[in-house]
Each structure stands twice: as structure tokens, then as C-alpha cells.
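Residue numbers (UniProt numbering), protein chains in the order written: chain A, 1 to 331; chain B, 1 to 331; chain C, 1 to 211; chain D, 1 to 211.
Keep in mind the hints are simulated off the structure, nothing from the lab.
Yeah, the Cβ is synthetic: ideal placement off N, Cα and C, and Gly gets one too.
Be aware that one or more of the hints could be misleading.
[Unchecked claim] Restraint ranges, calculated between C-beta atoms of paired labels, are given here:
(1) A:A208 / C:G188: 17 to 25 Å
(2) D:G188 / A:E228: 33 to 41 Å
(3) B:E251 / D:T70: 52 to 60 Å
(4) D:A210 / B:G97: 50 to 58 Å
(5) C:E54 / B:A183: 18 to 26 Å
(6) C:D184 / B:G201: 29 to 37 Å
(7) C:A119 / B:R284: 56 to 64 Å
(8) D:T70 / B:P323: 51 to 59 Å
(9) D:E17 / B:D10: 53 to 61 Å
(10) A:E228 / C:E25: 29 to 37 Å
(11) B:A183 / A:L31: 35 to 43 Å
(12) A:D313 / C:E54: 21 to 29 Å
(13) A:E228 / D:E17: 29 to 37 Å
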Amino acid sequence: MKKIINAPADVVTDALRGMAAAHPDRLRVHLEPDFVTRVDAPVSDKVAVVSGGGSGHEPLHVGFVGSGMLDAAVPGAVFTSPTPDAVQAAVREVDGGAGTLLVVKNYTGDVLNFETAAELAEAEDIGVRTVVVQDDVAVRDSTNTAGRRGVGGTVLLEKIVGAAAARGHDLASCHEIAERVSAGVRSMGMALTAPTVPHVGEPSFELADYEMEIGVGIHAEPGRERVELESADRIVRRLLEPILEDLPFREGDEVLLFTNSMGGTPPTELYLAHGVAERFLAERGVRVTRRLVGPYITSLEMQGMSFTLLKLDDELRQLWDAPVSTPALTW
Amino acid sequence: MKKIINAPADVVTDALRGMAAAHPDRLRVHLEPDFVTRVDAPVSDKVAVVSGGGSGHEPLHVGFVGSGMLDAAVPGAVFTSPTPDAVQAAVREVDGGAGTLLVVKNYTGDVLNFETAAELAEAEDIGVRTVVVQDDVAVRDSTNTAGRRGVGGTVLLEKIVGAAAARGHDLASCHEIAERVSAGVRSMGMALTAPTVPHVGEPSFELADYEMEIGVGIHAEPGRERVELESADRIVRRLLEPILEDLPFREGDEVLLFTNSMGGTPPTELYLAHGVAERFLAERGVRVTRRLVGPYITSLEMQGMSFTLLKLDDELRQLWDAPVSTPALTW
Amino acid sequence: MSCTAREVIAAVRRGAEVMSAHRDELVELDRAIGDGDHGENMDRGFRAVVAQLELAEPPTPGAVLKLVATTLISSVGGASGPLFGTAFLRAASTAGDAESLDGTALAASLRAGVDGVVARGKAEPEDKTMIDALLPAVRAAEESAGRGGEPAATLSAAAEAAEVGARSTVPLVARKGRASYLGDRSAGHLDPGARSVALLLAAFADVEGAE
Amino acid sequence: MSCTAREVIAAVRRGAEVMSAHRDELVELDRAIGDGDHGENMDRGFRAVVAQLELAEPPTPGAVLKLVATTLISSVGGASGPLFGTAFLRAASTAGDAESLDGTALAASLRAGVDGVVARGKAEPEDKTMIDALLPAVRAAEESAGRGGEPAATLSAAAEAAEVGARSTVPLVARKGRASYLGDRSAGHLDPGARSVALLLAAFADVEGAE
Ligand SMILES: Nc1ncnc2c1ncn2[C@@H]1O[C@H](COP(=O)(O)OP(=O)(O)O)[C@@H](O)[C@H]1O
Ligand SMILES: Nc1ncnc2c1ncn2[C@@H]1O[C@H](COP(=O)(O)OP(=O)(O)O)[C@@H](O)[C@H]1O
Ligand SMILES: [Mg+2]
Ligand SMILES: [Mg+2]
Ligand SMILES: [Mg+2]
Ligand SMILES: [Mg+2]
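Hey, can you work out the whole structure from these sequences and the hints?
Now the structure itself:
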């Protein structure tokens with residue numbers, strides 16, 4: 001295992017210490033239980049937006065803490081949902097009296113732990129609503145699975161609902177907007193290489209030199225199929241077609257296109273794929289009016305990428321454009 | 001070779017097409033010769049700041065085009081300096097009448113090509129000054145080498161001199177500030193893995209599973225030594241000690257600490273190393289008052305990192321804090 | 001004979017040792033069809049439990065089970081944290097304030113724990129989860145207790161059934177948890193959570209048997 | 001006999017073929033002690049030259065050399081682009097408007113080109129650069145021309161000397177260019193730029209010899 005770390009068990013805490021040192025003006029980092037809040041939390045009378053999940057997907061979620069996005073993020077161990085007490089402590093710290101919206105990615109562990117946290121917070125008279133993101137079209141949504149995974153759509157949802165909260169929307173309205181984003185967002189990813197979880201020490205899967213995994217998850221969960229490496233043109237098509245099939249993004253629709261690196265894929269390849277995707281969508285009459293390109297939801301050092309498409313309306317576009325100031329996303 | 005690309009020879013152009021699609025509101029991308037300018041160039045009566053170099057180090061330089069940083073960036077082929085005609089065309093496009101500062105990294109190819117470009121621009125009555133960044137302490141500066149390589153310091157210099165130009169400093173003053181940054185900045189990097197140049201198709205060097213390269217360059221040039229993998233604590237020390245030895249960063253000095261990923265090293269490891277570095281410097285009484293953490297000057301998908309230390313004074317700190325709005329750096 | 005807080009504590013400590021000894025095996029199982037953290041999760045959780053027990057030993061079986069539950073909930077995370085946590089929490093409720101548990105009380109606690117896992121995780125038999133080890137285990141425990149079995153006999157019946165149940169997950173296609181994303185590719189692998197259940201019950205039975 | 005524009009064009013085309021055939025070899029050489037782009041750089045540059053020649057064939061040897069120079073400068077980049085570009089540019093100046101070049105004129109052009117490389121790159125002999133192939137080549141060319149050698153003889157003398165000179169770079173420790181960062185580790189490798197010089201001169205000599 002090749003990593004710049006000390007003891008594998010301390011990776012998350014050590015990284016949080018570094019984040020605290022790097023962003024003293026923006027973040028407050030709490031240890032045991034681990035969570036990160038914006039430095040000026042709680043913001044009175046604003047709905048607090050709190051998310052979290054296993055570590056290893058940075059900048060998600062810790063890098064999105066700040067004005068216009070998350071009030072707190074709760075990182076678990078690598079690829080492991082955080083525990084309810086940590087989420088509860090974060091909520092307690094950032095709730096400004098207007099209630100808290102929990103943004104949860106749809107994995108059994110996250111759902112169960114956040115569910116308990118919500119109960120604990122409600123027992124303390126904090127108003128809590130939860131949105132579960134489940135945008136990964138690689139997983140067929142049926143009773144035979146734990147349901148679709150929450151992936152790239154989470155980033156867009158956190159930005160948009162963060163803006164809504166900053167604008168003074170109440171908890172019900174923030175929740176409605178979050179559900180709207182969730183309903184209109186779809187993603188699909190692929191991997192060229194496997195990540196290595198520090199406490200495992202071995203790559204999460206084996207992939208031959210000529211192979212790629214289509215439909216991979218952000219915890220290196222296997223995807224729809226393992227196929228031979230192909231050109232960027234074909235890879236882009238393999239990812240976008242299932243997205244377009246699943247949610248009818250139709251001719252004339254206005255969308256946000258999010259081209260995401262899984263961590264190890266560098267900007268050159270990512271922009272290249274983004275360009276191909278824009279042409280592909282333009283040919284189908286889908287109007288891309290907003291874009292995000294970069295490594296925003298990753299799987300440690302995994303090489304690969306994902307696309308996320310979000311259907312925009314005037315309100316969602318305005319909320320997307322609204323100012324945001326966090327370590328990883330600022331405008 | 002595992003990359004999301006089409007024809008290897010087209011990688012740079014294809015990526016530029018994607019950049020154009022991704023940032024229509026910020027960038028204008030020119031092809032043949034290839035260069036990128038800010039969308040509102042030329043800015044009248046402002047010194048233009050132009051940089052460039054081989055591709056594969058993104059976001060450097062193309063991602064730093066925008067207000068408060070670069071007016072234009074000229075990307076060459078992967079790891080290959082751009083040609084003089086491309087630089088000349090970029091200068092012609094962005095010079096706003098107040099002259100142009102060329103920021104050049106100290107590699108034989110870059111120096112020679114930019115030298116010719118400067119001559120060509122001067123022949124067209126454009127005032128040109130050049131600063132050559134040479135901050136890599138891994139290379140012993142002696143008559144036995146091509147001199148020190150320009151690495152992480154380039155990012156800081158482009159930000160600071162971009163801010164000076166935006167504030168209305170004239171060409172001589174911008175040049176003086178650039179030389180001041182150059183004199184006070186030092187870097188050192190390391191690699192865990194090798195990058196693969198698309199048109200080569202093989203990793204740039206071989207490194208065993210238990211080895212790392214200390215003092216590596218951003219073109220995967222070999223470093224000072226190849227040693228066995230160590231803890232983050234020891235790696236940080238190996239990088240910072242030569243920096244502190246080379247330029248006397250002394251107790252009480254105020255510095256900017258830039259913790260850079262070579263591309264494939266993810267945020268967790270980078271923040272972890274950053275935290276270790278802050279403690280290391282604090283123990284030595286060096287005051288870190290500004291920091292930058294992220295993949296800003298990379299070597300394709302290489303895993304590894306570098307530190308850059310810049311001595312700050314009031315003017316440099318203010319210029320660092322001044323607003324910047326580019327695809328890769330915004331505040 | 002019935003088991004006291006001291007014995008439950010011994011059983012839990014033995015469980016922690018077993019989780020630690022099998023950490024890598026559980027990681028490997030989870031790497032094959034999940035995300036590779038199950039061994040680390042269980043080991044971290046039971047180490048935290050042991051650390052809590054060093055501070056103070058609860059006076060009743062129910063209090064021990066409750067301490068295990070809350071510690072697992074606040075230190076494991078993932079899917080297994082809330083599920084094992086709920087199991088121990090429900091078991092603790094059922095155990096109540098009793099000074100000791102006989103075979104019947106033990107089986108009742110186990111039943112409550114298993115029902116809790118089903119209620120939280122909504123898995124059904126043959127979904128390839130820990131349920132496939134837990135359900136046969138509780139049935140075997142109830143049967144043994146019904147025949148008047150002592151705690152030791154009850155637990156060893158449960159452990160044997162859990163072992164068989166865990167092995168039965170190998171050919172199954174997962175329909176719950178992370179392994180479900182694999183679809184047909186999940187067949188041919190032992191479910192890590194089911195394996196943990198079997199290991200834990202065997203460890204508990206071991207200690208009871210030795211008393 | 002002296003060489004005309006037609007022959008210079010043929011030589012350049014042959015040079016382009018050789019660069020393409022040896023692209024991967026030059027990449028490998030540069031990968032060992034540089035950044036692995038030299039073969040790609042030279043191949044890209046000479047393909048651009050051939051593309052220019054398709055558009056229009058310049059009328060004099062000097063004009064051909066100038067076209068090669070400007071095309072290399074605007075298509076190669078890296079260290080080798082400006083250096084080879086300067087070499088051809090200076091050679092073109094010295095060739096002037098002459099309709100053809102005899103051995104002496106050829107040697108003089110080569111000398112001007114080599115001086116240009118030294119002026120731009122500031123390398124000294126034994127710095128392990130293209131200079132180590134170019135300097136012996138120009139000395140051999142001058143000697144041959146001084147003995148009244150024809151262009152073909154002059155070029156083949158130059159090519160042979162360049163080959164020996166290139167090989168002499170193997171044991172050297174680089175003091176210029178990217179390979180210098182390697183320090184002692186650069187010894188034991190052939191300098192890619194010197195190898196290009198030897199390949200190009202051999203290609204030129206080939207064509208002249210065949211005329
Ligand atoms: N819905 C569920 N009901 C019961 N058990 C489940 C459920 N989902 C997952 N599990 C169990 O959890 C185990 C995985 O636990 P672990 O790896 O620690 O968590 P995670 O899947 O979050 O990484 C699986 O092997 C399975 O036995
Ligand atoms: N200062 C110099 N003077 C003469 N030749 C040089 C100098 N620096 C480099 N070279 C030559 O350039 C060659 C490398 O060219 P190339 O790989 O195309 O460019 P880069 O080094 O920019 O990648 C070296 O092998 C060497 O022969
Ligand atoms: Mg997990
Ligand atoms: Mg190069
Ligand atoms: Mg798991
Ligand atoms: Mg080279």
C-alpha cells in the first residue's frame with residue numbers, strides 16, 4: 001500500500017487535524033466524536049444543513065462546509081458510515097433554531113445511523129428532516145437491492161439546498177427543494193483502477209490492465225459490467241446513455257452537467273471527457289447551461305470518473321448560482 | 001496505459017475543447033496555436049500576465065486564467081514547452097498596452113521558447129519582461145545542471161503577480177514583485193508512483209512497491225534519492241528540512257505553506273501531510289499565516305506531493321489575499 | 001445454572017478476542033462482496049466495548065448487554081453498527097434487571113435481538129445477510145431452552161445453527177446491504193455479517209461451556 | 001557536383017522518415033534520462049516540415065533550410081525545438097540565396113548551425129547534449145570539404161563523426177538539459193538529442209550519396 005500516512009487507523013483523525021490547520025478561518029474541527037462545522041455556527045434562524053458518511057470521498061462532505069452549503073459534516077471511518085452520536089453532536093452544535101436538514105446517501109449503514117441520529121435529535125426538540133440521495137443508475141432499483149446508491153447528485157443537492165437555507169427558506173421548503181433535486185438527478189460512474197482502503201492495505205478489487213469497471217460505486221462497489229478499455233468517446237456514451245434512458249432528459253430540457261473525477265483521474269482526462277459529453281448532449285438537444293468539472297466526490301485514489309445530470313428549473317438554477325464559500329467550492 | 005482519452009496525440013487539444021465547453025463565461029480557448037485567455041482580454045492599461053509550459057500539470061497554467069491571476073496561458077504538448085509562435089499569439093491577444101510579464105519555469109525548453117517569443121513580441125513593440133521561477137531545492141544549483149527547476153512556487157507567483165497587475169502596478173513593479181516572490185520561495189516534492197505520458201504509453205519510471213522517489217520533478221524527473229516508503233511524519237521531514245536549510249526561513253518568519261498533490265494523491269493524505277507540516281514548522285518557530293492545500297501543480301496522475309514555502313511580507317500577504325477568480329482558484 | 005453479569009462479561013471479552021483474531025478474514029469476506037471494512041468495524045467496536053468494561057463492570061446481564069449495545073452503536077458505524085447495536089439493545093431490554101439469565105431468558109433475549117435486526121434492516125431470510133445466521137440460531141436456542149437446556153447448551157445450539165446458517169449464505173444472491181449491488185456476482189461468497197454472528201455465538205458458547 | 005534545393009528537400013524528407021522510424025527509440029532514450037518526449041517532438045516537427053513541403057517547395061537550399069527552421073520552431077517545442085530550429089535558421093542564413101551548395105558551402109552552413117546551437121543552449125563539449133554529436137560532425141565536414149570533398153563525402157564524414165560523437169555521450173554525466181537533474185545517474189545512457197543528430201546526418205548523407 002502506497003500512501004502518505006502514519007497509522008492506518010488514525011488516517012481520518014490525522015486528516016481532520018490537517019484540515020483544521022489549513023482552514024482556521026472557515027472550519028471548526030471537533031474530535032471524538034469527529035465532525036466539522038462552519039466557524040460561525042450556529043447561524044440563528046437559518047435551517048442547518050448537515051451531511052456525512054464514510055471518509056474517503058473528499059472533498060465530500062467536509063470540504064463543503066461553509067456559507068451557502070453545509071453547516072456541518074460528519075465523517076465516518078474510511079468507507080464506513082459515521083455513528084449516530086457523532087451526527088447528533090454535530091446537529092446540536094449547528095442547529096440555529098430553524099431545524100436541521102440531514103442529507104444522507106442511500107447506503108444501509110448511512111440510512112440506519114442517520115435514522116437513529118434523527119431520533120436522538122428529535123428527542124432534544126430539534127426539528128429534523130431527512131433527504132436520502134439515490135441517484136446512481138448503475139444499480140437497478142428493485143426490491144432485490146438495497147436501492148440506488150447516493151453518488152454525484154449529493155454534491156449538487158448539498159450546494160442547492162445550502163443556498164436555499166442561506167436565503168431563509170424554512171425547513172419544509174428546504175426539504176421540498178432537496179426532494180426536487182433528488183427526483184431530477186441521475187449519475188453513473190466508471191473505474192480504471194481500484195482504491196486501497198488504508199486499514200485493508202490491498203486494492204478493493206482486481207482489474208486487469210486492459211479492463212475497466214462500468215457502473216462502479218464510490219466505495220469501489222462493482223458495477224454493471226467489466227469490459228475492455230475503450231476510447232473516451234465510447235466511455236462517455238456508456239455512462240450517459242443509461243442516465244438519459246432512466247430519467248427522460250428530453251430535447252429542450254435545461255440541465256446541469258457535473259463531470260466528476262473519482263480521485264486519480266487528472267484534469268486533462270476529465271475536461272476531455274467533459275467536452276465529449278457536451279457534444280453528445282448537444283446532439284440530443286439537451287441544453288447544458290451549468291457545469292461542474294473536478295474531483296468532488298471521490299473514492300480515495302481510484303482512477304475513473306462519473307457524470308451527473310440534474311434537470312434545472314429557474315429556482316434550482318438561481319440556487320446553484322448563489323454564492324458559496326467552502327474549502328472545495330467557492331463562487 | 002489506462003486513460004480516458006481518444007487519440008494520444010490529440011489529448012491536449014481535446015482537453016482544451018472540454019475546458020472551453022466547461023467555462024464559457026470565464027475562458028476563451030484558441031486552437032492552432034493553442035492558448036487560453038480570459039474572456040474579457042485584453043484589459044486596457046493593465047499589465048498582462050502570461051505563462052505557459054508543457055501540459056500535464058493542470059490546473060497549472062490554464063486553470064489559473066481569469067481575473068486576479070493570468071491573462072493567458074499557453075499549454076504545450078504533454079511535458080513539452082509550447083512554441084514561440086503560440087506564446088507570441090497569446091501575448092498579442094492579451095497585452096492591454098501596459099506591457100506583458102512572462103512567467104517561465106526554469107527548464108531549458110521553456111526558457112528558450114519563451115526567450116524567442118519575447119523577442120518576437122518586442123519586435124511588435126510590446127513591452128515584455130520575464131521572470132524565471134527556479135524554486136526546486138531537490139536540484140543542487142550549480143554549473144553542473146540546467147539550474148533549479150520551477151515547480152510549486154510558480155502557482156504562488158502567478159497568484160501574487162496577477163493581483164499586483166490587477167491593482168494597477170506597472171510592468172517594472174510587477175516584475176520586481178515577481179522577482180521578490182521568486183527569491184523567497186522554495187519547494188521540494190516526492191513521488192509514490194510514476195505518471196504515464198499519453199504518447200509514450202509506459203510509466204515514466206519504475207518504482208518498486210516499497211519505494212518512493214524523494215525530490216522528484218513535475219515531469220517525473222528523478223529526484224535526490226530513491227528510498228523505502230516511510231511514515232507521513234518522516235516524509236514531511238524529508239521534504240521540509242532541505243527547504244529550511246536552503247533558504248533560511250527563520251524563527252519568527254511569516255510564511256505561506258503550500259501543500260500540493262502531484263495529482264494522484266487524494267485530499268485525505270494531503271491534509272494529513274499538511275497537518276504534520278504545520279506542527280513541524282511551529283516547533284521551529286516558523287509562523288504559517290497563509291496556506292494552500294490541493295492539487296495545483298501536478299504531474300498527470302502521479303501519486304506524490306510537494307511542499308512550497310514562501311516568505312511573506314505585508315505587501316505579498318495582501319496580494320495573496322486579494323480576490324482571484326479562475327477555474328481552479330477563487331476567493 | 002444460569003448466567004450472571006460476570007459470565008456475560010467474560011463472553012463479551014471472548015467475543016472481542018475472536019473479532020480481533022478474525023479481523024482480516026472478515027475484511028477479506030467484505031472485500032469480496034462489500035467494501036472491505038467489516039472486520040475493521042467489528043474489531044473497532046469490540047475493542048471499544050472492552051475499553052468500557054475496563055472502566056466499570058455493569059452489575060447485571062442486562063446492563064452488560066446495554067453497555068455493549070451503546071458502545072457498538074457509537075463506535076462501529078456502517079450497517080453492522082446499528083444492526084448489532086439494536087440486537088444487543090433489544091436483548092438488554094428483554095433481560096431487564098434480572099441478576100442472571102437461565103436458558104429460557106437467554107433464548108428470549110436472543111429472540112428480541114433478532115427481531116430488532118429484522119425490524120431495522122428489513123431483511124428477509126435468504127437475502128444473504130446476518131439474518132441468515134441469526135434466525136436459525138434463535139430457533140435452535142428456543143428449542144434447546146424449551147427442552148430445559150442450560151445457558152451453555154442453549155448457546156451452543158445457537159452457535160451450531162448460526163454456523164450452518166452462515167454457510168448457507170454462500171450460494172445466495174444478496175438482496176440487502178452493499179453486496180446486493182453485485183447482483184448475481186454476489187453468489188459464491190460467504191456473507192461477512194453472517195460469519196460475524198457465527199463467530200460471536202461460538203465465542204459466547206465457548207465461555208459458557210467452560211464455566 | 002553540388003547540391004540543389006531538390007536534393008536538400010529529398011534529404012529533409014528522408015530525415016523525416018528516419019525520425020518517424022526511430023520515434024519510439026528516441027522516446028525510450030529520453031524516458032531513461034529525460035521526460036520521454038524527444039521522439040514524439042522530433043517526429044511531430046518533421047511531419048510538420050513534410051506537410052509544409054507538400055504545399056510549396058522552396059526554390060533554393062537556403063529557402064528550404066529556412067522553412068525547416070521556422071516549421072521546427074513552431075511545432076516542436078521543448079529544448080530540441082529552438083535548438084534544431086536555430087541550427088537550421090543559421091544554416092539557412094549562411095546558405096543565402098545560392099542555387100546550390102558545394103562541400104565547402106555545406107560545411108560552412110553546418111558550422112553556422114552548430115555555432116547557433118552553442119550560442120542558444122550554452123552547452124560545452126561533454127555536457128552530454130546534441131553538441132557532442134554536432135561538434136565532431138562539423139569538424140569532420142570541414143576537413144572533408146577542405147580536402148575538396150563533394151557534398152556527399154562531406155555529409156557522410158559528418159554523419160560518421162556524429163555517430164561516434166553520439167556514442168561518446170554514453171558514459172558522460174549530463175550538465176545541461178533535463179538529464180542534468182539526474183546527476184551521476186545520467187551516466188550509462190545515450191543522449192537522445194545527440195542520437196537525433198546522428199540519425200539526421202546519416203539520413204542526409206544517404207540521400208546525397210544516392211544522387
Ligand atoms: N438490511 C440488512 N439487514 C441485515 N443485515 C444487513 C443488512 N444490510 C447489511 N447487513 C449485514 O451487514 C454486513 C456488512 O456490514 P459492514 O461491512 O460492517 O457495513 P457496510 O456494509 O456499511 O460496510 C453484511 O455482511 C450483512 O450481513
Ligand atoms: N542546453 C542545451 N544545449 C544543447 N542541447 C541541449 C541542451 N539542453 C538539452 N539539449 C538537448 O535536447 C535534448 C532533449 O530534447 P527534448 O527531449 O526534445 O526536449 P526537453 O528536454 O525539453 O524534453 C537532449 O537530449 C539534449 O541533446
Ligand atoms: Mg462500509
Ligand atoms: Mg519535454
Ligand atoms: Mg462493509
Ligand atoms: Mg524530453
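Consistency of the hints with the structure:
1. Between A208 of chain A and G188 of chain C the Cβ separation comes to about 20 Å, which falls inside the hinted range of 17 to 25 Å.
2. Range check, G188 of chain D to E228 of chain A: Cβ separation about 38 Å, and the 33 to 41 Å hint holds.
3. Take E251 of chain B and T70 of chain D: their Cβ atoms lie about 55 Å apart, and the range 52 to 60 Å holds.
4. The beta-carbon spacing between A210 of chain D and G97 of chain B, approximately 56 Å, falls within the hinted interval of 50 to 58 Å.
5. Our hint of 18 to 26 Å for E54 of chain C and A183 of chain B is violated, since their Cβ atoms are close to 57 Å apart.
6. Between D184 of chain C and G201 of chain B the CB atoms are about 35 Å apart, so this pair conforms to the stated range of 29 to 37 Å.
7. A C-beta distance of roughly 57 Å is found between A119 of chain C and R284 of chain B, which places it inside the suggested range of 56 to 64 Å.
8. Range check, T70 of chain D to P323 of chain B: Cβ separation about 42 Å, and the 51 to 59 Å hint is violated.
9. Distance hint check: the CB atoms of E17 of chain D and D10 of chain B are about 23 Å apart, inconsistent with the given range 53 to 61 Å.
10. Judged by the Cβ atoms, the range 29 to 37 Å given for E228 of chain A and E25 of chain C holds: they are separated by roughly 33 Å.
11. Distance hint check for A183 of chain B and L31 of chain A: the Cβ-Cβ separation is about 40 Å, which falls inside the suggested range of 35 to 43 Å.
12. A hinted range of 21 to 29 Å is violated for the C-beta pair D313 of chain A and E54 of chain C, which are about 57 Å apart.
13. Between E228 of chain A and E17 of chain D the beta carbon distance is about 34 Å. The supplied range of 29 to 37 Å therefore holds.
In the structure shown, a violation is registered for the earlier hints numbered 5, 8, 9, 12, in ascending order.
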